[in-house]
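Engineer: Sequence:
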Amino acid sequence: MDFRSLPDMLRTNANRYGDKAAMLIKSGDEWKEITYAEFGEKVRLIAEGLVSLGIAAGEKVALLSENRPEWSMSDFGIQSAKAIVVPVYPTLISKQIEYILRNSGAKFIIASTAEQAEKVVPLLDSIENLSKLILMEGGDNFDNESIISFDDLLEAGKQYRKNNENWYHETVDKIDKMEMMTIIYTSGTTGDPKGVMLCHNNFMSNIEAVLEPIPISKDDIFLSFLPLSHVFERMAGNFVPYALGSTVAFAESIEKVAENMGEVHPTIMTSVPRLYEKMYTKINIAVDEGSPVKRKLFRWSFRIGDEMQKAQKAGTVSAGLKFKHGIASKLVFSKLKTRMGGKLRFFVSGGAPLSQEIGEFFSMAGITIIECYGLTETSPGITAGVAGDVVFGTVGPPLNNVEVKIEEDGEILTRGPHVMLGYHDNEEATKEIIDSDGWLHTGDIGEFDDGGRLKITDRKKNILVTAGGKNIAPAPIENMLITSPIIEQIMLIGDRRKFISAVIAPDFVNLKSLAKKRGISISSNEELVSDPEVYKLMEEELDKLLVDISNFERVKKFIMIPRLLTIEDGEITPSLKIKRKVIIEKFAGQIDALYED
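Using our numbering, the letters of the sequence shown correspond one by one to residues 127 to 723.
It should be emphasised that the hints constitute simulated quantities derived from the structure, not laboratory data. Warning: the hint list may mix true and false statements.
Unchecked claim - Below, computed lysine to any residue pairings styled on SDA-like, alpha-carbon distance capped at 25 Å:
(1) Lys643 - Glu665
(2) Lys469 - Gln435
(3) Lys420 - Val398
(4) Lys408 - Leu691
(5) Lys586 - Val398
(6) Lys456 - Phe424
(7) Lys382 - Thr217
(8) Lys703 - Asn651
(9) Lys586 - Leu702
(10) Lys450 - Thr494
To be verified - Here are the computed distance ranges between Cβ atoms for each label pair:
(11) Pro688 - Leu447: 42 to 50 Å
(12) Arg644 - Asp251: 55 to 63 Å
(13) Ala593 - Ala412: 37 to 45 Å
(14) Val413 - Glu558: 44 to 52 Å
(15) Asp414 - Lys703: 24 to 32 Å
(16) Ser647 - Ser272: 50 to 58 Å
(17) Gly564 - Asn597: 25 to 33 Å
(18) Glu722 - Ile453: 50 to 58 Å
(19) Lys469 - Glu694: 45 to 53 Å
(20) Ser460 - Gln716: 43 to 51 Å
(21) Ile675 - Asp155: 43 to 51 Å
(22) Lys683 - Val413: 27 to 35 Å
(23) Arg680 - Thr161: 52 to 60 Å
(24) Glu533 - Ala714: 53 to 61 Å
Just so you know, even glycine gets a beta-carbon here, dropped at the ideal spot from N, CA and C.
Put together the whole structure using the sequences plus the hints.
Structural biologist: Following this line, the structure appears as structure tokens:
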């Protein structure tokens with residue numbers, strides 16, 4: 127890429143694409159445009175405002191907000207002042223935010239709303255280095271000299287520019303691509319989060335690399351709803367589109383994603399697998415509840431879709447198959463695509479393994495999911511599926527500027543310009559993950575297929591070794607089970623145990639509906655999970671889904687819990703990964719009881 131840094135990229139494209147829509151945001155019933163020129167001007171004002179208020183190069187500014195235009199503007203604005211961005215998940219509680227602010231040494235924090243500010247206000251007095259809270263909205267509601275509004279920040283920028291017209295351009299020109307530009311705190315399934323230090327070159331090398339296997343252009347429209355605090359969305363749904371002059375539409379909320387898809391007609395969407403699992407479940411429930419004719423047509427169409435894919439790969443598409451596929455497309459597949467906005471070119475999946483069954487399901491309907499693999503520590507891309515050559519069950523070949531090798535124990539190692547600078551203020555942890563030859567040890571187990579595509583088995587630390595000495599990777603089995611409409615969350619247990627068991631948080635709506643159809647009357651979640659007949663229903667579902675795997679891998683017993691695991695209770699990460707150690711500790715008594723017989 128011909129950009130010196132991310133701020134240089136944004137500045138260049140603000141001029142290059144001027145009046146083109148950079149962002150879409152819903153206001154009332156209308157979607158309003160923010161042009162590249164307006165985006166660039168706000169970024170410049172934020173940078174000028176920050177320096178006028180006392181931020182110096184290399185100082186840290188935290189960013190605590192839901193997805194919205196001001197998030198991206200602040201991100202680029204902080205970088206443009208040569209300061210360091212510290213993203214904070216808006217779902218975190220005050221104690222977790224305090225840890226990040228103290229560990230990073232943040233001087234300012236930019237927050238979205240008064241609700242988020244309430245978590246931070248008590249910290250202004252207790253954290254010595256933290257001197258200012260800037261609020262995107264509601265900043266005038268606080269009688270505190272340390273709290274100012276976003277408008278005040280922009281006004282400070284305007285005043286600063288009057289006497290420092292060249293400061294912004296001179297500063298952006300001086301940014302070195304190897305300078306640290308962000309500290310991202312891993313959501314961490316164990317222990318305190320670690321601050322991953324990343325530089326401009328980490329991201330720019332990744333942007334350049336992903337554009338080879340994944341075709342993206344200035345004409346694409348992205349729908350953004352994953353947290354921008356997460357490196358996957360920040361990279362794939364933020365830096366990549368702005369590098370190309372694409373448009374980013376900000377979804378109103380996760381609940382309104384489907385509605386927003388129909389309004390903005392995205393061509394590309396990035397998500398973690400949970401969205402695709404939910405869509406898969408919803409589609410299949412709708413089919414099961416439809417008429418016998420609709421069910422038959424749906425299943426016939428997907429059988430034809432499967433035949434067409436196999437024939438295309440073999441180069442043996444017959445006229446008859448082509449005709450049948452045309453009917454399936456018109457009667458079934460086109461309707462699915464219309465529900466997704468009608469213009470979707472592909473989904474991008476990352477953050478966790480995608481179930482092969484779900485990938486193949488969408489592919490049969492002509493909806494491609496390109497799976498990528500990476501870590502926060504690799505900014506994040508390591509591999510990416512190649513458009514037109516997607517093989518489900520793999521995460522594609524290594525990116526062209528990335529090295530990947532498999533150790534003797536199966537661990538995936540990677541080296542290249544995507545690898546982090548290190549962990550903030552934690553040299554010991556840095557040395558543990560990056561060896562003396564520059565190889566980053568991912569902690570994931572995997573292998574390459576014959577086509578050079580990487581296949582992820584599981585996290586090294588998650589491998590279950592049963593009392594009988596059998597090694598079992600839980601992730602592939604959990605991925606099979608999560609396709610069930612009556613399972614919302616599941617975690618396998620079995621390390622040093624006689625057999626595999628599971629902790630299950632059901633999909634309460636669907637499980638109650640199924641129970642009702644079977645004549646089981648249930649009112650509360652507590653009754654549902656403790657009812658012996660409901661237990662049998664769940665047992666039947668597990669047996670049906672796991673029929674093709676080895677007996678020692680099957681779930682023999684399980685507990686059902688009466689609620690979903692939540693971020694707020696510290697049971698899942700902001701990227702929706704289950705914290706295994708926490709769950710084992712929380713439900714220790716019930717889990718141990720499964721093995722008492």
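Engineer: Please list, smallest to largest, the hint numbers that this structure does not respect.
Structural biologist: 3, 19 and 24
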